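J.: Chains G and U are the protein sequences, given in the same order.
Residue numbers are given in the working numbering: position 37 of the first sequence equals residue 37, and the series is strictly consecutive.
Residue numbers are given in the working numbering: position 36 of the second sequence equals residue 36, and the series is strictly consecutive.
To be clear, the hints were calculated from the coordinates, so they are not data collected in a lab.
Predicted, not measured: the structure shown is a model, and the values here were computed from it.
Backbone N, C-alpha and C fix where the C-beta goes; we use that ideal spot for every residue, glycine too.
Any given hint could be a false lead.
Said to hold, decoys possible - Here are a few chain G residues that face chain U, going by a calculated C-beta distance under 8 Å:
hint, residue
1, R15
2, L59
3, A62
4, L88
5, L91
6, H126
7, A131
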Amino acid sequence: MVSLLIDMRRTIARRGLERRGAGWLVGAGVLGAVAALGTLALGVVPDADPAVGADVLALLFALWVGGRLAQSALSGGDGTLRPELFALLGLPRRRLARSLLIAGLLDPGLALLAIALGAVIAFGAHAGAAAALVGLAGRC
Amino acid sequence: MTGTALVEPAPGAPAATPAVPPALLIRGLSKRFGDTTAVAEVSLQVERGAFFGLVGPNGAGKTTLLSMAVGLLRPDAGRVHVLGEDVWSTRTGARAKQLLGVMPDGLALPAHLTARELLTYVGLLRGLPEPRVRERTAELIDALELAHAERTLIADHSTGMRKKVALAVALLHGPRVLVLDEPFEALDPVSAAVVCGILDGVVAGRGTVVISSHAMALVERLCDHVAVMAGGRVLRAGSLSQVRGSGTLEAAFAEIVGARSAGGGLSWYRC
Chain G
1 MVSLLIDMRR
11 TIARRGLERR
21 GAGWLVGAGV
31 LGAVAALGTL
41 ALGVVPDADP
51 AVGADVLALL
61 FALWVGGRLA
71 QSALSGGDGT
81 LRPELFALLG
91 LPRRRLARSL
101 LIAGLLDPGL
111 ALLAIALGAV
121 IAFGAHAGAA
131 AALVGLAGRC
Chain U
1 MTGTALVEPA
11 PGAPAATPAV
21 PPALLIRGLS
31 KRFGDTTAVA
41 EVSLQVERGA
51 FFGLVGPNGA
61 GKTTLLSMAV
71 GLLRPDAGRV
81 HVLGEDVWST
91 RTGARAKQLL
101 GVMPDGLALP
111 AHLTARELLT
121 YVGLLRGLPE
131 PRVRERTAEL
141 IDALELAHAE
151 RTLIADHSTG
161 MRKKVALAVA
171 LLHGPRVLVL
181 DEPFEALDPV
191 SAAVVCGILD
201 GVVAGRGTVV
211 ISSHAMALVE
221 RLCDHVAVMA
231 GGRVLRAGSL
241 SQVRGSGTLE
251 AAFAEIVGAR
261 SAGGGLSWYR
271 C
């Protein structure tokens with residue numbers, strides 16, 4: 001069921017992107033990648049004043065998380081795989097919920113968010129392994 | 001259609017256990033939204049092989065009743081059994097839904113798939129073997145005249161085309177009980193005739209069809225049993241001849257729900 005839902009999600013996403021055009025896809029992809037890698041770089045390159053670096057990262061993370069929440073709120077959720085369709089099919093509920101969760105995690109937006117939030121691990125690594133681990137736990 | 005019967009037991013009456021479970025057994029279903037009672041202790045029984053029509057004015061509670069009957073909306077009270085399987089039981093709910101083919105009103109289909117893609121995914125998710133999914137998808141596309149929409153995304157379909165795709169989704173796994181909410185809404189007369197033919201075929205094959213509709217002429221032509229609903233209650237139910245009496249179903253409906261005339265039209269249009 002998981003592989004079917006992933007395949008279905010991929011087809012829906014691909015068709016949606018085809019409708020919007022290749023230019024939109026390239027533009028959004030480049031913008032997202034630059035933003036994510038830029039945020040990561042701020043964590044990798046040590047700042048002269050760690051307190052300022054921490055504040056900047058905190059602000060950027062708030063923007064990332066807020067942006068992600070706003071996108072979901074404004075678009076009514078991802079909407080690629082609508083649960084109401086699957087509610088009609090008589091599928092075992094736990095298996096369906098697990099499969100939808102896994103399929104839902106395969107989102108390019110989440111991949112960019114994961115890269116951006118990697119900055120907290122890199123930033124923590126400057127203060128030692130323990131701080132990096134705390135950053136890793138925070139990101140997860 | 002012979003061998004069908006419908007009874008409406010009194011609310012609270014003990015449920016008899018029939019030897020052969022009916023296609024759809026609804027006992028004391030109720031639903032409230034805030035202060036509004038959408039459905040009030042409705043009980044209905046639809047026998048196997050019946051073509052059952054549920055009619056009522058806007059806001060009568062038809063969609064709420066059907067949504068509860070197919071497991072999409074949890075009732076405040078009451079039970080629903082499909083061919084003996086309890087729709088709202090955690091143990092048998094999935095089995096009951098597998099026996100059902102449902103076309104809810106306003107179902108949001110995945111906009112960025114073609115009809116063929118959607119039917120293929122739904123068939124495989126339902127556990128049908130791939131060759132059978134391919135075969136049935138081709139037959140449904142042909143029967144419902146969806147061929148010219150095959151390369152078109154559902155997002156670009158008209159409302160009528162989407163209805164037909166939703167009906168194809170409901171029919172794909174060959175359910176024994178079909179529950180269709182407003183299946184003829186937005187369909188052109190030719191498409192409506194095609195759908196009528198398909199539904200007649202389901203009943204002829206010992207399947208059971210339950211529809212809600214405002215198209216009285218179609219209900220009268222298709223259904224052998226009818227229930228009239230208003231204000232969240234079933235006001236009259238029985239065989240078509242019992243419900244309509246000697247007149248037409250439309251006249252009986254107007255009399256049962258107490259229809260009133262527009263009283264000469266709108267005041268600003270009166271001469």
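J.: So, for every hint listed, does it hold in this structure?
T.: These are the hints, each one checked on the structure:
Interface restraint check: R15/G against chain U, minimum CB-CB distance 4 Å, threshold 8 Å, status holds. Checking L59/G against chain U by beta carbon gives a least distance of about 35 Å; that is not within 8 Å, so the hint is violated. At about 32 Å, the closest approach between the beta carbon of A62/G and any beta carbon in chain U exceeds 8 Å, and the interface hint on this residue is violated. Taking 8 Å as the C-beta contact cut-off toward chain U, the hint placing L88/G at the interface holds, the least distance being around 5 Å.
Proximity of L91/G to chain U holds as hinted, the smallest CB-CB distance being about 7 Å (cut-off 8 Å). Look at H126/G: its Cβ only gets to about 44 Å from chain U, farther than 8 Å, so that hint breaks. Because the beta carbon of A131/G sits about 44 Å from the nearest beta carbon in chain U, more than 8 Å, this interface hint is broken.
In this structure, the hints that do not hold are numbers 2, 3, 6 and 7, in rising order.
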